[in-house]
Amino acid sequence: MSHPGTVAAGAAHRAHEAHHEELGFWRKYVFSTDHKVIGIQYAVTGLLFLLFGFVLMMLMRWNLAYPGVPLPLIGGLFGEARMPGGTMLPEFYNELGAMHGTIMVFLGVVPLAVGGFGNFVLPLQIGAPDMAFPKINMASYWCLFLGGITMLGSFFVPGGAAQSGWTSYTPLAVIAGSGQTWWLVGMIFLITSSLLGAVNFLTTTIQLRAKGLTFMRLPFFVWAQFVTSFLLLLAFPPLEAAGVMQLMDRVAGTSFFMPSGLVVSGQVLANAGGGNTVLWQHLFWFLAHPEVYVLILPAMGIVAEIIANNTRKPLWGYRSMVYSIVFLGFVSFIVWAHHMFMTGMGTAMAAFFQTTTMIISIPSVVILTALVVSLWGGSIRFNTPMLFAISFLPMFGIGGLTGLPLGLNISDIPLHDTYYVIAHFHYVVAPGTIFALFAGIYYWYPKATGRRMNETLGKVHWFGSLVCMNVVFMPMFLVGLAGVSRRLFDAGSAYDFAQGTMHWNSVSSWGAWIMALFQIPFIFNFFWSIRNGEKAEDNVWQATTIEWSAPSPPPHGNFAVAPQAHRGPYEYSVPGANKDFTPQFEA
Amino acid sequence: MDIPYTVEVRRDTGLNNGKIGIWLFLASEVMLFGALFASYILIRTGSPSWPRGDTVLDYRLATFNTIVLIASSVTMVMAWASLMRRRFGTFRIYMAATVLLGGVFLVVKYFEYSHHLHLGEYPSHSNFFAIYYTLTGLHMLHVLGGMVVNAYFWGPGAKLWNTNPVWFTNRVEHSGLFWHFVDLVWIFLFPTLYLL
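Those protein sequences? They're chains A and B, same order as listed. Quick note on numbering: this note's numbering labels position 93 of the first sequence as 93, and the sequence is numbered without any gaps. Quick note on numbering: this note's numbering labels position 59 of the second sequence as 59, and the sequence is numbered without any gaps.
Next comes chain A alone, as it looks inside the complex:
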């Protein structure tokens, strides 16, 4: 709608805005509408939750390595209800397991990868002054915050936090203690947060691209965030619906997911019955399979940026990568039931979902191959971001390839409930996505603070993490192939067939604990470099994308003059150019 009043109205609006230039501490750093501040809030929150989820896992790993042995030193801190005499009760293990999954996925990786990097980098990369809806952006962060507080608070309710796994399968979750109700309420906050963020990212990408920045000139990172936001927008609401129904089952006594005549502790439940327990799984995985791509696509985007920058050559097959990621986004909505082969679905359904699963592996392989081929013939700079980014490739490769047997009905059934699955998806998410996130932190830290992180500490962090990640997860393949269930709090010490793999559990555990030590250089580096890091110029990595034309750190509004895009995103080593990078933003 165009209108003659627009120009005058715009001027009046600008005059109105000018009154608000001076912001106090609270408006500037806490309740900020600046996408960079919100991005950093998201990132720090995400990192704290990653650390918290890691601690939960380290506790679990004690009981897996030494089942029934009291936890030394800190075992007494958890109280008699959870660890009598320092020995972990199975209920506490379940609590840790459910909350580890929930926190890592919904409060750790997604806030960091989408909320953190998306918020901080995306508007800068497309040359926008801010997100399209800054206030909604702030609301999105505070919804996440409330969701996080709810999840943390649930540890202190009677009976403890949710214990039914991060998947909250029914009917188990419906008859579980009150922590599950908190989990559901927390999830509704987190879903709201994702929804607000997704609308914002999509609108920003569509509307606020700089002049000349056509879709095929967008950095791959922006494409990755764009597709991710569509997944969040369309896949999360069914889980919200399912969450509301589970909440009704728990609070109002309905039977959406409750079968007739369910017997619990020798008593038939008095509910109406007639519900469909598998319906929960369908609705859950309808979200949670796209969610897998929400976890991995931003990581691919970050790695693509860093590889192009540090090989000093264009990404190999940028267009095929873009088509692949869009295709991947669509197909990710029709593969969900490959998580559910164990429900005894018919062969026709299984055939459909295993076919779509095999199809979806093709675009992932295209992207991974393009990234690997991009290394070919490059003059590679092995700085910390690049080391993490390169490590992503084989780690994600292992995770992806070991997923193929899980996508086929026949081979999934013996593997699905074993440690093999744990190893598979952790290779995708932990040394895969989390390495990419570390790469991104080292890469964009100078843009956010104006200083670089220390390289030596960074390399120590990288090397230790890479070795330890493999020590943690590689043995799980062996444990899984030996057939040990992934749902046992004592790693199967009561079973004969599991005895042969018990020692691998201690190897994994020690790997995890030593990996914790290797995160100390990172934590120190992260805070120390804010004041003491080496000063960084605006375009510290000699990069080509638009965010590097802004000052470091960028002021409110980002760019003094609205930038323009003159060419594609990765014009490195252009023949005949006087330097080895030709930025998008230079005429």
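In case anyone wonders, no lab produced these hints; they're calculated from the structure. Check each hint, because a few of them may be wrong.
[As the list claims (entries may be wrong)] Using C-beta positions, here's what the derived DEER-type ranges look like:
hint	chain 1	residue 1	chain 2	residue 2	range
1	A	A348	B	P51	53 to 61 Å
2	B	F64	A	F352	40 to 48 Å
3	A	I359	B	P191	32 to 40 Å
4	B	W50	A	P72	54 to 62 Å
5	A	I362	B	N162	55 to 63 Å
6	A	F352	B	N162	15 to 23 Å
7	A	V30	B	N162	28 to 36 Å
8	A	A560	B	N162	38 to 46 Å
Ideal Cβ positions, reconstructed from N, Cα and C, are used throughout, including at glycine.
Got chain A sorted already, so can you dock chain B onto it with the hints?
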């Protein structure tokens, strides 16, 4: 600092930010209600017996409510059209009518709910009532949300009309899109729950 295309239209997309935002939001709402309707179908087809809606629920009240909501959609459009014609006084009347009609819907819903609760037909009574309360309850929350936004544009939000009428008109249009969506959900809900 100004966000571009908050008021004016970006030439290559032909849209302002708010309109893209509201349509994306509505897409997610379609998925939310779509999942609930899909669950309804699955639970009903898997159930040995299921009451026909008009044997349990009062379809006359629901028919009345359908007419009320459709009327409120009409007044919503008229409110926006009044702003396009720069008739702020007429806008206020139509907007007030929209909010009031939403209120009538809620009052009727209140009597309907209390009637069923009085008969002991709680959500736990059967899966029919479970899905009935969940779907209509969630829809009712949407009606309430739409009313709050519309009341805001009728009252304090209307100050924007004096400083930036184009922006204000756009906002009312976007709020209207949401209101029509809520109406549309009811038009699916009504036959599904009350007639089939």
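Just tell me: holds or violated, for the beta carbon distance of I359(A) and P191(B) against 32 to 40 Å?
This hint holds: roughly 37 Å between Cβ atoms.
Note whether the CB distance of W50(B) and P72(A) lies within 54 to 62 Å or breaks it.
Between W50(B) and P72(A), where Cβ atoms are some 59 Å apart, the hint holds.
Does 28 to 36 Å hold as the CB distance between V30(A) and N162(B), or does it fail?
Between V30(A) and N162(B), where Cβ atoms are some 32 Å apart, the hint holds.
Hint check for N162(B) and A560(A) - Cβ pair distance inside 38 to 46 Å
This hint is violated: roughly 32 Å between Cβ atoms.
Can the suggested window of 40 to 48 Å be confirmed for the beta-carbon pair F64(B) and F352(A)?
Given a distance of about 44 Å, which is inside 40 to 48 Å, the answer is holds.
Given the range 15 to 23 Å, decide if the beta-carbon distance of F352(A) to N162(B) lies inside it.
Violated: the Cβ-Cβ distance is about 58 Å, outside 15 to 23 Å.
Please test the hint of 53 to 61 Å on the beta carbon pair from A348(A) and P51(B).
violated, 32 Å
Distance restraint hint 55 to 63 Å, applied to the beta-carbon atoms of I362(A) and N162(B):
holds, 57 Å
Checked against the numbered hints above, the structure breaks hints 1, 6, 8 and satisfies the rest.
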